Amino acid sequence: MLEVRDVVKTYDGRAVVNRVSFEVRPGEIFALLGPNGAGKTTLIRMITDILKPDSGTITLDGRPVGGGLKHEISYLPEERGLYRRVPVIDALAYYGRLRDLGGREARAQAAALLERVGLKDWMTKQVQALSKGMQQKVQLCTALIGKPRLMILDEPFTGLDPLNVQLLEEVLRERRAAGATVLLSTHQMNKVEEQCDRALMINRGHMVLYGEVRELKRRYADHALMLRAGRLPASVPGVRVVEPLNGELKLTLEPDATPREVLRSLMEQGVDIEAFSHSAMPLEDIFIKVVREGLGLDHGQSGPPTADEPALHAVAQGAGR
Amino acid sequence: MSFSWKKTFTIAQREYLTTVRRKAFVFTVIGTPVLYAVLMTLMIRPQMGDRARQMRDFHVLGVVDSSGVFAEAEPEILGTVATDFSVMSAKVSKRDSFRIEVRSLPNQLEGERALKAGEVSQLLVVPANYLETGRLRRYAMSTNIFSSQDERAVSGWVVRSLLRGRVDEKRVDRVERPARGMELLTPDRHAAGAFEAHDERREMVDFLLPFAFGMLMGLCIVIGGQYLLQGVAEEKESRILESMLCTVNARELLAGKLFGLGSAGLTIVGAWVTMGAFFGGPVLALAQVHLQSAVLGLAIVYFLLGYLFYGSIMTGIGAITNNMREAQQFAFLFTFMNFIPFYLMTSIVGRPDSGVAIGLSMFPPMAPVAMMLRLSAPSAAVPLWQIGLSIALLAGAAWLALTISARLFRIGLLMYGKTPTLPEIVRWARQS
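Those sequence lines, one after another, are chains E and C. Just so you know, the working numbering puts 183 at position 183 of the first sequence, and the rest follows in order with no gaps. Just add 1000 to wherever you are in the second sequence, counting from 1, and you've got the working numbering.
Keep in mind the hints are simulated off the structure, nothing from the lab. From a predicted model like this one, the values you see are computed outputs, not experimental measurements. Quick reminder that beta carbons are idealized off the backbone N, C-alpha and C, glycines included. Some clues are possibly wrong.
Said to hold, decoys possible - Distance ranges between label pairs, derived from CB positions:
hint, chain 1, residue 1, chain 2, residue 2, range
1, C, Lys1006, E, Gly179, 57 to 63 Å
2, C, Glu1326, E, Thr57, 37 to 43 Å
3, C, Lys1006, E, Asp161, 35 to 41 Å
Bound conformation, chain C alone (with noise of 0.2 Å):
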């Protein structure tokens, strides 16, 4: 069977044209980010400002205290709490100061009374044996599952409350918080033998540029197939595809579908590396992280097998079955598989020279996101055999997708009205 190369480019350069100048495209691509920035925004500030309300709010705790031991106890607890945050910075831009009034009540009945009443924002009970069981009771009118800010408060006031006048302030302030300034040293990246300090931000970026970079990989490759899967469906459903295959024969309509398609997907995810290097580049400047160009060579490569592997199924998917809803329902087993290894994240990335993480990476279906988990994890040293081995497996999945594909995409493109059987799906992929 001959091969143009002229027509196969005219394919790809149609479908890649067409699919990039729909709205749902362009919405893909600057909505997607935008509208996860706005989700991550009303995900975090509520959050934050919540903290803050909580902590305005809070002005007077009330204080029964049948054991004696907070007889001398501060009257006041002080403190700050964060009301903003800085993306572009990965930090906290602001910070806002409280003060609680601590107030003693003669009983619990009385403080009660008081909280009911709204005298008071809280109350702490203190059992006579606090000392000995060391159990308290806080009594609240309301409380905040996602905010442990109020107790953080009381508890520094109990510590500081139950050392006060028996030792010094500077060890009252060490006992608060005693690991606050501890810094955590690892070898160093750039020095042999050598430690450096740990940096939290950096320490940030290290577990979400993992993910950050699997799940862009993952997504190239769902984003292109199913491009693949809707454009293959569509035109067997709307019968376009048997006066083109009058003059094109079925590998170049595949492979222009499979270039022009994957392309589209490369475009939406070199739309949001670029927004992201825009946007996220200074916390990365700041961390100081650097991708290792062996480490994008293997991303590419990784990509492109995995989408032709993905790519291929998708369209042997789309040609076999006969409208969009039932190729869709073949094809979530196949785009879940791909995804499978982020559930498995913390044990590849925390791990990842484990049996879990090495069987993961080479295994065709997984391999391109478990092998970028394990090359972009902070301890990563994965063998260079590993990384042949995996990569000959995906490419050796990815020859046999494709030359099954093209047999059930020949046959199955003019087959209508009956969705094939398993057995006669197997006949149409041992047809030469």
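With the rest of the complex left out, here is chain E (with noise of 0.2 Å):
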């Protein structure tokens, strides 16, 4: 659907975004990472034709952004704001029209998507009249009126209480379901985690991670398994250190161990087993060992990743364990 190609953006001779490659899949929700000054917005205003990159290519579905494909994206930016002297259903009508809607359309859109965001009693209301939080969830249906195929969500939870985060989750997975296609910019990794299918991390204009976000956990995971479980054994083959870690046993393996031979040899020694996994580590410690370590694509070395490579590209070499 989207695909990113080489793409350069310098400012003052020094290369904000430095030839990034990447695609986002029909129907998935993609995550881009990456800490602050990373390159995040300047690519994203690049995707959304604000600005123009110095080389490279963006196209969506093989035609270049922008021109006749702007009402097909949709963008809710990390700094944003409203038109605060208008009723709540013309700020959100007004950008129905400039997607291309009718008036009445627009309107209708406007009203069904404030009702489903509980706003249905407010849509007359002026928008300065409104809570930072519901002002939230207007901005929010800013970047789904018009039903753009890509939208493109900069730290969309910030601001949110639990409940409308959970709201604002489920509208993502309705409009995911509906086909459209999403790109969420956030630092909170959990939701990346329980959102996104796939990611790529950025650092200093780089390509640093990409790949579906099971694999990069996988990819980075300790060798290791957490187990709840009854008393060990004062030892077990193939386990290097036991220790405590959050109510369960985090059992680090021997390099030649695997997960399967030591659950076997603890079952054989009549270890009462509750419930057991694979050790990962959080997507959150992986940035920041990413971003701490500076480790990173290096397209001179290895090429910009393509669609038929397989979908976990991995760091500079080193990186993982």
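Put the complex together from the two separate chains, hints included.
Put into structure tokens, the structure is as follows:
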């Protein structure tokens, strides 16, 4: 659907986005990650045709973004506002009309969206009368109206209470089910783990991680087992260290041991196992590790990833374990 | 870059409707002329009332005559004073009569006593050598700097008294106001070679018309520009524009704002002109004022180009500054430039073919107002080539301002926190 190829953007001789390439597939929720100043906003502005890349191409279904495709993409920026002295429904319908909806259709969609996010009774009130959280929901609706095929949401969860976070997640799932694609930029890694299929992480304008979220986590996972079980024997073959962690036991395995062998050994020794799982590094820890250690994909060596390559584009050598 | 007129119209429509629905807009349309009318009334009426009151309170003129010239002087001063003014007919609508007794006093000491005691309203002291020197001293307990009605009355009495018994009454009247009945004849506008009587009311309208025309032009441009400045600065400050720029491009947004807010500015001026025509119509009709359609056509051209020029500059300023206050400071200089021709109005209207008038009407920031002042001046005969050159220069400047502004708009809208330096602005302006 969205294909970004070798995109470069330079300011004052400094590459803010440097040969970034990735694709977002139809119907997926794709995460764009990176520390502050990594170049995410510049990249998003190029995808939304607000800025032009110095080189490289950005296409939506094979056609360059911008021009006639503008109404296909919506964008909820991190720093966002609304016209304050107009009725809520008018503020929202205006975005619909700019996405090529007729006046009546725009108002109908605006009304339906406001009802969906629980603001039916506030439609005719002025935007400035709404609480901050309510305004956040109206802002989200500006990205939904007109049913754009690609929605780019920058920190959409900021400022929402848990109930509204849940509501937003539901709405995103509904849109996804209806065929929309979401590009989500956030620092809330738990949300990325819960919601996103694939992710791209950039740092200092360079790609550092790209692939399926599950695969990224597996790639960075410790060679360990998490166990909820009864008393363990003093020594377990294949296990190097046993340590308690969050009410469970973390068993770090010997390099040549497999989880299957260790579990079998434990059961043979009569250990009562209630639950077990692979130990996985939270995405947040992966993020910190990658950024701190300055890891990155070097295009000069590995070349830009393509759609045919495996889902996970490994970071520079040594990253992971 | 593609350009959608549909989106541009949607933006223009929204900008226009949200602006004209604001209470502040309605207040500007109705409140400003009402306020102006009230102010004028408050200024003119009390002034006329003061004059009338001054003459009503002037009962007795004490005269100490050491020269003996006024021994046979008139014993009273009779006259009238205007007390009301009709805006509709531009004429004095009511006059009051007054009578002042002239009382002879033996010496200055007695005169000053009588003045302080309120027995006389004013005291006129005529020295012994008055005929040689012409010197007189007038004493009064209070004065009104805005009225010389009392001085005129005393002066008339002096003239009449000097001539009394020496020349006949008719000559006395003529000497008192020798040019009262003098008629001024100027070339007839409608009959070549002939002369027509110069109408005072028309003279006033001839003076006011260029002023009003230029003022409307200047206000219209500035109001539209201010709306743009305010709109862009507010939207930038409230972070609305970035999500908008995903859906529309910067040129569509800029064009929509220029059309919508320019229309709002025109609506204000249109409403004022309508009100002016309704209330001031009789004055214009009496003065037989008919604006030439060519001048009106040129006014529209100058307005459009002037608005495009100033509107583009205001939009650029709104885009590069971080808040309304900062934007207003930058905008002041340009707003001021638009009104500079008014400061030189006497020179432009009085001599529309002077070097100053021609120069200002060629200089794009001042051309709309300066040329309107020249064209509507009573003795206007602006050569066609000057009009053509002025329009061409203004159109070129407007195009340049629009091009640079569009670049500043596109880049500046996304820059927050720091006002760019001049080299940065120049760099942005040069980016395609």
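For a quick check of understanding: which of the numbered hints are violated here, in increasing order? Of the numbered hints, just 1 does not hold.
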